[in-house]
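Participant: The listed protein sequences derive, respectively, from chains A and B.
Using our numbering, you'd call the opening residue of the first sequence number 4 and step up by one each time.
Using our numbering, you'd call the opening residue of the second sequence number 4 and step up by one each time.
A couple of the hints might just be wrong.
[Claimed, not checked] With a straight-line Cα cutoff of 25 Å, these simulated SDA-like cross-link-like pairs (lysine to any residue) come out:
id : chain 1 : residue 1 : chain 2 : residue 2
1  : A       : Lys13     : B       : His91
2  : A       : Lys13     : B       : Pro103
3  : B       : Lys14     : A       : Gln171
4  : A       : Lys92     : B       : Arg141
5  : A       : Lys47     : B       : Ala138
6  : A       : Lys65     : B       : Ala137
7  : B       : Lys38     : A       : Arg141
8  : B       : Lys14     : A       : Glu89
9  : B       : Lys36     : B       : Val16
10 : B       : Lys38     : B       : Asn95
11 : B       : Lys47     : B       : Pro103
12 : B       : Lys65     : A       : Ile188
13 : B       : Lys38     : A       : Gln46
14 : B       : Lys38     : B       : Ile64
15 : B       : Lys134    : A       : Gln46
16 : A       : Lys134    : B       : Met143
17 : A       : Lys36     : A       : Gln69
18 : B       : Lys37     : B       : Trp80
19 : A       : Lys191    : A       : Lys134
20 : B       : Lys47     : A       : Ile130
21 : B       : Lys65     : A       : Phe145
22 : A       : Lys47     : A       : Asn67
Don't read these hints as lab results, they were simulated from the structure.
Protein chains: 2
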Amino acid sequence: MHNYLLNHIKKYVAITPDDEEIITRYFQFIDVKKKTHLFTEGQKCNYNYFVCQGCLRLYFIKENGQEQIIQFGIDNWWITDYMNFEQHKPSNLYLQTIEPSIVAAITYSQQEELYITVPAFERYIRIITQKAYAATQRRMQFFFDLSGEEKYHHFNNAFPGFVQRIPQYMLASYLGFTPEFLSKIRAKQG
Amino acid sequence: MHNYLLNHIKKYVAITPDDEEIITRYFQFIDVKKKTHLFTEGQKCNYNYFVCQGCLRLYFIKENGQEQIIQFGIDNWWITDYMNFEQHKPSNLYLQTIEPSIVAAITYSQQEELYITVPAFERYIRIITQKAYAATQRRMQFFFDLSGEEKYHHFNNAFPGFVQRIPQYMLASYLGFTPEFLSKIRAKQG
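When you get a sec, could you build the whole thing from the sequences and use the hints?
Facilitator: So this is what it looks like as structure tokens:
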């Protein structure tokens with residue numbers, strides 16, 4: 004199980020077998036059934052999650068009762084409510100598995116400790132956070148620039164295969180339009 | 004000039020006088036006049052910028068010719084087109100000063116080198132990138148959740164004083180609505 008995490012770390016930084024052992028000890032590896040909430044609104048989000056395998060969604064419930072997905076987490080992505088994770092405050096988001104998933108969970112204080120014990124881990128986190136931030140900047144641009152249909156095609160091209168994995172109403176929520184609109188776009192493709 | 008940068012770094016990590024000297028040597032400190040482009044669409048964005056003082060906007064031009072601001076950079080913020088900075092590709096964004104500004108600029112390879120020379124600098128970048136990423140996650144939520152009027156008030160509360168510093172049409176662009184709509188909201192406040 005821990006190989007998913009270690010392999011991802013080794014894509015970005017060099018670590019020794021000793022580092023591997025230390026890193027593995029800091030994480031809880033958890034099998035999570037489909038549709039399980041890792042935290043819900045009002046709960047503290049005590050963990051940062053690395054998705055070894057599976058698919059999760061981070062969402063909130065809008066005033067009108069609609070679910071709005073702000074992020075998906077698939078294999079090799081990190082996901083949590085970062086502001087509340089850092090500030091130890093109750094979350095205003097929900098994190099839920101869409102598929103049966105394996106996640107590696109680490110608490111805030113463990114993560115801080117691991118940065119010191121294994122500096123290569125801190126470098127790895129620096130690198131992947133920079134990549135995630137860059138991607139969010141780009142997403143913000145697409146969000147403003149693309150039509151609904153273009154957003155769908157962009158997402159489809161950027162994450163081939165992913166579109167088949169998630170329920171269509173969730174994809175519509177993430178892209179910011181109605182399931183009906185998504186059906187229309189897909190029907191056009193024939 | 005370099006004290007702006009060093010003071011910000013020292014808010015997050017401990018650095019020695021030697022570190023301070025090394026860090027300062029890696030940056031170019033530049034006085035930039037109002038309305039100057041640091042890069043435009045099609046140019047490589049060779050630098051990551053720390054805003055010592057002033058205000059910048061990162062924007063792109065939509066298909067309909069409208070400018071869309073995706074980010075502001077004010078005192079103590081880092082700003083660039085991160086994906087293209089990292090991939091050494093031409094940018095599809097524009098970075099421009101709104102006020103006379105002082106920026107500290109560092110190239111990608113210098114930044115990579117500085118991570119090695121001064122590990123505390125890498126820690127500082129890890130911390131502030133995590134904070135920026137967390138803020139973007141929250142911004143994404145507000146974007147979907149709040150009405151236009153709520154967005155304005157939220158922005159006003161989150162960055163008191165900032166709203167007075169920038170032209171109203173730019174704030175409207177950032178919040179994703181028309182200058183006319185913004186005037187209406189402001190008129191309501193009396």
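Participant: Which hint numbers does the structure go against, in order from smallest to largest?
Facilitator: Numbers 2, 3, 9, 13 and 19 - these are the hints that the structure violates, sorted from lowest upward.
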